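Visitor: Taken in sequence, the protein lines are chains A and B. Residue 178 in full-length UniProt numbering sits at position 178 of the first sequence; the count goes up by one each step and never skips. Residue 191 in full-length UniProt numbering sits at position 191 of the second sequence; the count goes up by one each step and never skips.
Everything labelled a hint here was simulated from the structure, so no lab data went into it. Remember, predicted model here, so these are calculated numbers, not experimental data. Ideal placement from N, C-alpha and C gives every residue a C-beta, glycine not left out.
For the chain A half of the interface with chain B, some residues (derived, Cβ under 8 angstroms), not all of them:
1. K77
2. S84
3. Y90
4. N92
5. Y106
Computed footprint of chain A on chain B, listed as stretches where at least three residues anywhere in the stretch have a Cβ under 8 angstroms from a Cβ of chain A:
6. 4-11
7. 207-217
Taking lysine-lysine and the DSSO-like style, the derived pairs with C-alpha atoms no more than 30 angstroms apart in a straight line are:
8. A:K71 / B:K207
9. A:K4 / B:K372
10. A:K86 / B:K207
11. B:K74 / B:K87
12. B:K207 / A:K78
13. B:K222 / A:K71
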Amino acid sequence: MEEKVIICNDLTKQFGDFYAVNKISFDVYKGEVFGFLGANGAGKTTAMRILCGLSYPTSGKASVAGFDVYKQQESIKKNIGYMSQKFSLYENLTVSENIEFFGGIYGVERSEISMRRTDLIERLGLEKEVNKMVGELPLGWKQKLAFSVAIFHQPRIVFLDEPTGGVDPVTRRQFWDMIYEAAAGGITVFVTTHYMDEAEYCNRISIMVDGRIEALDTPENLKKNYSASSMDEVFYQLARGAKRSDN
Amino acid sequence: MKILRFLLQKEFRQIFRDKTIIAMMFMMPTVQLIILPLAMDLEVKNISLSIVDRDHSSYSQQLISKVGSSGYFKMVSMEPSYKEALKYVERDEADVVLEIPAGFERNLIREGKQKVGLSVDAIDGTKASIGGSYLNAIIADFTANLEINNKATTPTNYTSKSFIDVTYSTWFNPLAQFKYYLVPGILVLLLTMIGGFLSSLNIVREKEVGTIEQINVSPIKKWQFILGKLIPFWIMGIIVFTLGLVVCWLIYGIVSEGSLLLLYLFAAFYLIAVLGFGLLISTISDNQIQAMFLAFFFMMIFTLMGGLFTSVESMPDWARNISNLMPITHFIRVVRMVMLKGSGFADVQLEFFYIIVFGVILNGWAIWNYRKTA
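My request is simple: use the sequences and hints to build the entire structure.
Guide: Shown next, in the form of structure tokens:
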């Protein structure tokens, strides 16, 4: 039996009489790349924020890295990395300063930080940009850097909320190479995306529609079950019934 | 502690990278302390006076030249009739009309009394009442001198009125200059701006940009994040306060009569209170515009009701109560007492207690209000 790092049971988040997340249940296994799909407004980000300890659920049960989402948010936070939809490194700090800061607040030792930083800069090929303000980097580089910073403290799980939005195809490919590398290193990856080619890269995916999880399986099985030739088609079949959208 | 050090390092890097903020830190104390106290003066001068002299006697001439030489009045016209003079007031060219009736000299000599007419434009209440009372004082002085003349010529006149002559001695501010009242207040205002507003805008900015999310999702403790924000601004506040004291000394020669240590003790705790206030604003606001707006709202009240320009004691009861609920009121009082009067800790310990209470309440409220998990 594989180790479950995220266990989710009937998890619900209600705003007034609006069910942003409606009784979702799923498990995520260690080292897996789990795709969390859904149309805009389906409730992906809300669910993810609960799992990251940023928001309280209304009902249901969930644990992340073995910690309860109601009571042990701070313990969850020690064990996860998070990359939000909004770019959130400090634009007026340099590449090197951002790495140092985010490593530092997760309790990584200074000597360890400089070692890992040298290594990271080399892998990203950012040697010339080390002392540049992050705000001056092109978007693709920013996203790669943000991901690297999110896993810098070697968390057990990393949550990525639409990490490749607005990024060119080549950079997206490189980004996914980094994701695989992280997963191979034992980090569980929980990722939302709107790109269906990216969905194919995931070990398993769930598709959310109007706050519920309507499908959950490997990409191959999903395509088989919905007798579709691509993930695009699967998604379309499920999501066209959606009543909610962003606006 | 290690984590706090990372937070402080980051904060200082960002502050010192922002050239505008750094420039403002040095500009604010110098400009505000040099320009404002010189420009603002509650002493009323240059009151425009229109005179109607219908007597044209040597007495009326004496009175007019006495008024003219007082230095407070600016003669704008001499009119033959009151009606003409009033036109100047209507056109906003004169503030006061002094009417000397016909027979002024004759009545003074014969009957020992005479009325003059004084009409004051009361739109600017302060100017009107002060202008009126200046003129009253000058006329009283004029008549007193007349009586002395009278006495000299008729020494048998024992029935002349006796006066209670009041002599003033102005303490702590010998020339009764407004700037001595204002300067300590502006020092306090500076600390309030830096501690209360700069800090709140800084935190709200992190909300706006989204970086606070990255902080909230990390295992940083609440107190670490808050101290990481408060300490840099506390240090900046103390630097600006020091700069302000230097400007006071260089420009106005104001050196604190009381202990500098006591001033710094208060500044230190006052800063904690206003930093708590700034933090509170930042937890309430979602973006910098909201924070600015809130900050401005309170800044107006602080400046106008904190006893910066007008004395709190002369406010109506309800206003005085509000005023006492603001930390700034207490700190202004302390700075004035310590700097100008040389008061010691015993004289201001009640204010110290107030400031501590404000610090605890504001910070406690802000910390309670700040949520890492919503």
